[in-house]
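Visitor: Spelled out from the first residue to the last, the chains are:
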Amino acid sequence: MKTVVTRMLCASAILVGVVAAGAQERPAAPPPGDPRVGLKAGFKNPGVAASNMELVKNLPKPPGFFDPKEPAGSETEPEKPEETEGAEKPAAPPAEKPAAKPPAGGKPAAKKPTAQRGSGLNFVNSDMAFRGNQLFIGNFSGFNIYDIANPAEAQLIASVICPGGQGDVSIRGNLLIMSVEQTRGRIDCGTSGVEDPVSRERFRGIRIFDITELKKPRQLAAVQTCRGSHTHTLVEDPDDKANIYVYGSGTGTPRPAEELAGCSAGKPEEDPNTALFSIDVIQIPLASPEKARIVSRPRIFADPATGAIAGLAKKGDHGPGTQTTSETNQCHDITVFPALGLAAGACSGNGILLDISDPVKPVRLDAASDKNFAYWHSATFNNDGTKVIFTDEWGGGTRPRCRATDLPEWGANAIFDIVDRKLQFRSYYKLPAPQTEVENCVAHNGSLVPVPGRDIMVQGWYQGGVSVFDFTDSAKPFEIAYFDRGPVDGKRLITAGQWSAYWYNGHIYGAEMARGLDIFRLKPSEHLSPNELEAARLVHYDAFNPQQQPLVTFPAGATVARAYLDQLMRNNAIQPDRAAAVKAALDSNDRAQLATLAAQLGQDAAAATGRDAARLKALAETLPAK
Amino acid sequence: MRIWPVCFAALAAATAGTACRTAEPDQPPIIQPGAPGESSRVIAPPDAANPRRPADSAADVAFMQGMIGHHAQALEMTALLKVRTRSDDMKKLAQRIEVSQADEIRMMRDWLESRGAEAPGEHAHHGEGVTLMPGMLTPEEMSRLAAATGPAFDKLFLEYMISHHEGALVMVKKLFSTPGAAQDPDIYAFASDVDADQRMEIARMAAMLKELQK
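Read top to bottom, the protein sequences are chains A and B. If you count the first sequence from 1, position 489 lands on 489 in the numbering used here, and the numbers rise without skipping. If you count the second sequence from 1, position 208 lands on 1208 in the numbering used here, and the numbers rise without skipping.
Fair warning: there could be bad hints in the mix.
Said to hold, decoys possible - Counterexamples of contact, computed for chain B against chain A with all Cβ distances above 10 angstroms:
| # | residue |
| --- | --- |
| 1 | 1095 |
| 2 | 1096 |
| 3 | 1138 |
| 4 | 1140 |
| 5 | 1141 |
| 6 | 1142 |
| 7 | 1146 |
| 8 | 1151 |
| 9 | 1163 |
| 10 | 1170 |
Said to hold, decoys possible - In silico DSSO-like links for lysine-lysine, alpha-carbon gap of 30 angstroms or less:
| # | chain 1 | residue 1 | chain 2 | residue 2 |
| --- | --- | --- | --- | --- |
| 11 | B | 1155 | B | 1214 |
| 12 | B | 1091 | A | 476 |
| 13 | A | 371 | A | 476 |
| 14 | A | 422 | B | 1155 |
| 15 | A | 267 | B | 1210 |
Said to hold, decoys possible - Covered stretches of chain B, going by a simulated chain A footprint (3 or more residues, C-beta under 8 angstroms):
| # | segment |
| --- | --- |
| 16 | 1059-1067 |
| 17 | 1176-1186 |
Read the hints as simulated data drawn from the structure, not as lab findings. Since we're looking at a predicted model, the values are computed, not measured. All C-beta atoms in this analysis are idealised placements derived from N, C-alpha and C, irrespective of residue type, glycine included.
Chain B with its partners taken away, still in its complex shape (with noise of 0.2 angstroms):
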C-alpha cells in the first residue's frame, strides 16, 4: 500500500513507464503467450500497455453518428406516446425506451466527441436531404402516428417502434460485417448490448401487439 501509490505516480509520469521495473528487480514478470502448444515469452509494460489501438474505422464513427439520430427519432416516439395511451405498460415501455436511450446519446455523444469526431445534434435527422438510418419513420409516418390516439395509437407505436427496433439490429450487424470495425472494446460492447436489449424490447413489444389485437 506504501509502495504502490509511488510507484503508479512514478509510472503515470514517466512515458517510457519503466520506472518501477528499474527500481526493483523482483518485479512480477509479464507474460506473453503465444499459440496453442507454442512457448511463452517475458515482455515489457509498455509492449504490454500497448496504446495504440486499432484506428477506430470510419464503419465504427459512422455508426455512432447513425444511432445519435435513431434514438433521438425513438425519444420523439415515446414523447408522442406519454400524452397519447392510456396504458400503464405502454407508459413503462415509453420510461424504459427513454430512459435507456437518453442515457446512450449522452454516452455517443462523448465518445464521438473525445476523438474529435460530429456528434449530430439530436435533430439533425430532420435535415433537408438526410438518409434515414434502418427502420427510421419517414416524416409521414410520424404524422401519421402523432394524429393516432387511443388504442389505434398503442398499435401504431408497437408496429412502429418494432420496426424502428429492427433497424437497430441491422445497423449492428452492418457494423459487424464492415472490414476493420469494431475492434474498439467499447464500440463491441456497445454494438453488442444494442443488440441484446433491443431484441428483448421487440419481443416485450410483439407481446404487447398481441395482447392488442386479441
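Only chain A is shown next, with the shape it has when bound in the complex (with noise of 0.2 angstroms):
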C-alpha cells in the first residue's frame, strides 16, 4: 500500500512539473473529475464522454460477426433501452468489483455456469485498411467492406467469412492481403476448425485475396507460415515494380515440421534454421499473386559482429533490470516508411529501426530497450522521421491495464526521437483518464493526423476509448481530445474497445471489437484551431495502410499559410505586427504583399531556432505569393 501511495505522489509531482515547464501549446493538466470515470455501462447504450471529437456514425456488426444470443460477445446485464447514447455525464456510480472471493482452498465442486460462455474473441474486429471511398475492417472471422464516400450516412457493401485471427488486413490494388495466426483457421475459409495437432487443412500464415468484384472477393493464394501471421506490413520497393512484398510477423508456437515442411522451434544455437529470430518476406508478383512465396526470412535480431542469430544480447542495455539476453524472437508488428527507407519494428522485448531499402533484405540500424516495457508492440513515426512512436501491450489487449493502480509507465506509448539513424527515448503517454477493472485497456493502434507544422496522432486504447494527443515535443506530450464509453458490462469484462483509430481522408474511423464501425469528426479547440483542422483535412490518400506510412506533403496555399500563422501566434514566435499584416494579405490576396511577407519570414526564419524556425520557413515557402 505504501509503495503504491508513493508512487502515486511521484506521479502527481511529474504531472505538476510538466505542467508548469509546458509550453503554450501545452493545455492545464486533465480536470480531477474527467468525465471518463465512472461512465454507465452498457454494449448499446453506455454512458459517453467525448472532449474535442464527436461520434458522427456507429455501425453495429452485421449479421454473421456475432452470435445473435449474445451479440456483445458474452452475456450482459439487462440495459434500460430508453437511455440513449451521447449522455456527457456520469449516469451511474463506477462498476461493481467482479467475481465473488473464490473458495480459499479445498477441492471446489463443479457448479452451473454463472454466464453464458459466450463467443469470446470469435467475431471481435480488428486492423483496419482503406482504399478510396472504400473502408475494410478485419474481424477474427473474416472481414467487413465498407462505403464511406459520404461518413455519416457508411454503409456495408459485403462481410467476408473467413476465420483464424487476427485477420488484420491491407489494400494494393485489388488485392487484400489477411493475417491469419490461430490453429482454428482452414485454407478453405471454413468454420469448423481443425482439432488435428497436425493437419493439411490448417492454414496459418498470409492470405490473398482479389477484391475486384467488392460484392464476390475470391481467395487467390494462401501462403503458409511456421508461426502463422499475427500482424503484416506491405512494402513496395521502388526498383521492383513487378512485386510488392509482405512482412509477416508471426508471434505463435512454431507449428511442427510433419504440418509444415521445414518449420522448427529449436534453439538457435542447435538449430539454424529455427522458425524463431525472424520474419518472413513474402514476395507477391502482381502478375500472377498466385504464385505469391515467401523469399527470404531474414535474421534481423542478429549480432552484426559474431553472426549469432539471437543477437540483441547485450545490445540496447539498459542498466541493471533491463533486459540482456536474446528472448527477443519475434516481431509483433512493423511500421515501414517507405519514403525513408525506414522501418520501425515492435518486437517483444526491443524496439529495432531497420533500414530497408532493400526491402528483402533490411538491416537493423538501432534497438532499444525499456524495462517499463512488457511487450513492444506497434511503431508509429512522425511525419518527418525524427521520431517514433513505440506501444507496449502488457496484458495482451484483453485484460484492464489503465487502472488508477496501473502505473502510468506500463502499457503506456514511449516516445523516441531519431537522432543519426539511433532511438533516443523522451517520454511516455498514456491514457490520461483511469479506466474500471471491467475495461480491457492498454495502448494500441493509431496513425498521424497530418496537421502541417504539428506531430499529432490518434490512437485506440480498447475500452479506454480514442485518444488524440500532440507529442510535437517528444518530451511532453498532450492529450487534445478523447471519445470514451462505459464498459460493455458493470460486473464482468467483457472484451472490447477500439482496436485501432486512424485519420483517413478527413474523418477518425475506430474499429470497435464489438460495438462496430465507429466514425468521428475531430471539432476546432484551443488545443487544434479551425485553420489547423481545415489544413489535415486537405490531404488526401487514394488507399491508406496504418503500417505502410506514407509521407504527407500539404499544399501550398492560404489554408496551410493561416495553420501555421495560429501556431506561431500561439507560441508568440511571430511579431504581432507581422502576424496581423500576412493576416490581412492572405484575407486579401494581395499577391505582392505576399512576396514580400515571404521573404520577411524568410529573414525571421534564419534568426529563429527549433521547431518555430521551421514554421516561419515552412509559412514564408507556403505563402501564396505567385
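With the hints as a guide, bring the two chains together.
Guide: The following block contains the structure:
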C-alpha cells in the first residue's frame, strides 16, 4: 500500500512539473473530475464522454459477425432501452468489483455456469485498411467492406467469412492481404476449426484475396508460414515494380515440421534453421499473385559482429533490471516508412529501427529496450521521420491495464527521437483517464493526424476509447481530444473497445471490437484551430494501410499558411505586427504583399530556432505569393 | 443509425437471425470464399455466425485449472519478496508479476465458471497429494525461500521464479501440442500472451540475476 501511495505522489509531481514547464501548446492537466471516470456500463447504451471530437456514425457489426443470442460477445446485464448514447455525464456509480471471492482452498465443486460461455474473441473486429471511398475492417472471423463516400451515411457493401484471427488487412490495388495465426484457421475459410495438431487443412499465414468484385471477393493464394501471421506490413520496392512484399510477423508457437516442412522451434544455437528469431518476407508477383511465396526470413535480431542469430543480447542494455539476454525472437508489428527507407519494428522485448532500402534484406540500425515495457507492440513515425512512438501492450489487450493503480509508464506509449538513425527515449504517454477493471485497456493502434507543423496522433485504447494527443515536443506529449464509452458490462470484463483508430481523409475511423464501426469528426478547440483542422482535411490519400506510412506533403496555399500562422501566434513566435500583416494579406489575397512578407518571414526564420524556425520557413514557402 | 438498432434488436431476438435479411432484400451479401483458386459462395447469417464452436477440450480446461495454481504460487512468492528485499528493481518486478497474475487468475476463474468447470481455489495447490504444475516450488523450496533474507533472498527468488516461469512455458507448449486444444480464440490468445510475457520476464530476471552475481 505504501509503495502505491508513494508512486502515485510521484506521478502527480511529474504531472505538475510538466505543466509548469510546458509550452503554450500544453494545456492544463486533465481536470480531477475527468468525465471518462464512472461512465455507465452498457453494450448498446453505455455512458459516453467526449471532448473535442464527436461520433458521427456507428454501424454495429453485421449479421454473421456475432452470435444473435449474445451480440456483445458474452452475456450482459440487462440495459434500459430508453437511455440513449450521448449522455455526457456519468449516470451511474463506478462499476462494481467483479467476481465473488473464490473458495480459500479444498476441493471445489463443479458449478452451474455463472454466465453463458460467450463467443469471446470469435467475432471481434481488428485492424483496418482504406482504398478510395472504401473501408476494410478485419475481424477474427473474416472482414467487412464499407462504403465511406459519405461518412455520416457509411454503409456495408459486403461481408466475408474466413476465420483464423487476427484478420489484420492491407490493400494494394485489387488485392486484399490478411493475417491468420490461430490453429482453427482453415485453408478453405471454413468455420469448423481443425482439431488435429497436425493437419493439411490448417492454414496459418498470409491469405491473398481478389477484391475486384467487392460483392464477391475470391481467395487467390494462401502462403503458409511456420508461426502464422499475427500482423503483417506491405512493402514496395521502388526498384521492383513487378512485385510487392509482405513482412509477416508471427508470434505464435512454430508448428511441427510434420505439418509444414522446414518448420522448427529449435534453439538457434542448436538449429540454425529455427523459425524463431526472424520475420517472413513474402513476395507477391502483381501479374500472378497466386504465385506468392516466402523469399527470405531475414535474421533481423542477429549480432552483426558474431553472426549469432539471437543477437540482441548485450545490445540496448539500459542498466540493471533491463533485458540483456536474447529472448526477442519475434516482431509483433512493423511499420514501414518507404519515403525514408526506414522501418520500426516492435519486437517483443525490443524496439528496433531497420534500413529497408532493400526490402528483402532489412538491416537493423538500432535496438532499444525499456525496463517499463512488458511487450513492444507497434510503432508509428512522425511525418518527418525524426520521432517514433512505440506502444507497450502489457496484458495483451484483453485485460484492464489503465486502472488508477496501474503505473502510468506501464502499458503506455514510449516516444523516441531518431537522432543519427538511433533511438533516443524522450517520454511516455498513457491515456490520462483511469478506466475500470471491467474494461480491457492498454496502448494500441493509431495513426498520425496530418496537421502541418505539428505531430499529432490518434490512437485506440480498447475500452479506454480514443485519445488524440500532440507529441510535437517529444518530451511533453499532451491530450487534445478523446472519446470514451462506459464498459460493455458493469460486472464482468467483456472484451471490446477500439482496436485501432485511424485518420483517413478528414475523419477518424475506429474499429470497435464488439460495437462495430465508429466514425468521428475532430472539432476545433483551444488545442487545435479551425485552420489547422482545415489544413489536415486537405490531405488526401488514395489508399491507406496504416503500417505502411505515407509521407504527407501539404499543398501550398492560404489554408496551410493560416495553420502555421496560428501555431506561431500561439507560441508567441512571430511579431504581432508581422502576424497581422500576413493575416491581412491572406484575407485580401494581395500577392505582391505576400511576396514581400514571404521574404521577411524567411529572414525571421533564419534568426529563429527549433520548431518555430521551421514553421516560419514553412509559412514563407506556403504563402500563395505567385 | 435509425434502421440498424431496430434491425439489431430484431436479430438479437430472432433465433433464426434472418429478420433483417427478409425485411431488406438489398442486404449486403455474406461471402464465404473457398480454398485458393476455388469459387466463393453466398451464405446466410446463421451459417456465418455459427455459434457452434469447437468444444473446449479437456486440455483447455486442465490448462486453465493448472495455471490458476501456478499463478497463485507466483503471488505467494511475490508476497514474500515485498517484505524480504531491499532492492527497488526487485519490488518493481514483484509489482508487475503481482498485478498481471492476480488479474489473470480472475480471468481464468471467470472462463472456467462460465463453462461450469471447476475453478480451483488459490490455495488448492497446497492440498495433500496435489500434483504440482511444471516449475512450481515444492513445499521445501517454498520454506527455503521464506527463510532467506537480504541478497541471498533476491538470488534465490530470481532462480526460483525463472524456473517457475519456464514451467508456464512448458504448460503452453503442452497445450498447443494436444489434439483439439487451443481452438478457442480466447485460450489461443491467453496462452500466447502467457508465453510472450513470461519469456520477457525470464529475460529480465536473468539479467537481474547476472547483476547480482557480479
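Visitor: Next, verify each hint and record whether it holds.
Guide: Right, here's what the structure says about each hint:
no.: 1; hint: 1095; verdict: violated (7 angstroms)
no.: 2; hint: 1096; verdict: violated (7 angstroms)
no.: 3; hint: 1138; verdict: holds (18 angstroms)
no.: 4; hint: 1140; verdict: holds (20 angstroms)
no.: 5; hint: 1141; verdict: holds (20 angstroms)
no.: 6; hint: 1142; verdict: holds (15 angstroms)
no.: 7; hint: 1146; verdict: holds (19 angstroms)
no.: 8; hint: 1151; verdict: holds (13 angstroms)
no.: 9; hint: 1163; verdict: holds (15 angstroms)
no.: 10; hint: 1170; verdict: holds (12 angstroms)
no.: 11; hint: B:1155 - B:1214; verdict: holds (12 angstroms)
no.: 12; hint: B:1091 - A:476; verdict: holds (28 angstroms)
no.: 13; hint: A:371 - A:476; verdict: holds (20 angstroms)
no.: 14; hint: A:422 - B:1155; verdict: violated (34 angstroms)
no.: 15; hint: A:267 - B:1210; verdict: holds (21 angstroms)
no.: 16; hint: 1059-1067; verdict: violated (count 0)
no.: 17; hint: 1176-1186; verdict: holds (count 11)
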